[in-house]
Amino acid sequence: KQEVTQIPAALSVPEGENLVLNCSFTDSAIYNLQWFRQDPGKGLTSLLLIQSSQREQTSGRLNASLDKSSGRSTLYIAASQPGDSATYLCAVGRGGATNKLIFGTGTLLAVQP
Amino acid sequence: DGGITQSPKYLFRKEGQNVTLSCEQNLNHDAMYWYRQDPGQGLRLIYYSQIVNDFQKGDIAEGYSVSREKKESFPLTVTSAQKNPTAFYLCASSIGYRGITEAFFGQGTRLTVV
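So the sequence lines, in the order shown, correspond to chains Z and L.
Take the first sequence: its position 111, counting from 1, is numbered 111 in our numbering, and each next residue is one higher.
Take the second sequence: its position 110, counting from 1, is numbered 110 in our numbering, and each next residue is one higher.
I should point out that these hints are in silico values taken from the structure, not numbers from a laboratory.
Mixed in with the good hints there might be a few duds.
[As the list claims (entries may be wrong)] With a straight-line cut-off of 25 Å between C-alpha atoms, the simulated DSS-like cross-links for lysine-lysine are:
1) L:K14 x Z:K1
2) Z:K42 x L:K14
3) Z:K1 x L:K57
All chains should be modelled from the sequences, with the hints used to inform the complete structure.
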């Protein structure tokens, strides 16, 4: 059974710092991996999607990497800003036309001004 | 603006009552999903639908029902059989064709039993 873990559960950093969020999964047979952002009481915003054949994806200050063999993905945030404060969730896709997602429990990020 | 609309934002249910959560999308996506989010837990899949008039149970379908009569709509009914319905419910959609599977989410409905 696929399990997804995110460490740390919470992280506080000063503004301007570069940071890395971690996501690990137990079964390397994934179809893809998606990173989301969730603000308090809100829905999920898709940040990056990495297909199983890819090693990384970049969007602005965000870079996500994927190492299927070790069951790991990282989300790198450069030059963090207070507006980056949110919960970050990773989810692995099981494949198939509907690609059902299995989620980690998230990392709560606080960027201090 | 294309997107996923969930309503209501807040919903209160009395014991023994059925309630229906609305999810509408104008992204022309074939696949739609319902997830449940509880504090300290990851999102869990309740039901999903790949096409109109077809839907499948997810990991925690007991006490829930859905319908998919239109491509744009995927309502979720929380029945009285669901013993612990208080949670944050999230609807999502994706294009649904193999290889194009990025999921997009609505803003959620918070259901509370009173």
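Against the structure, the hints come out as follows:
no.	hint	in the structure
1	L:K14 x Z:K1	violated (35 Å)
2	Z:K42 x L:K14	holds (24 Å)
3	Z:K1 x L:K57	holds (17 Å)
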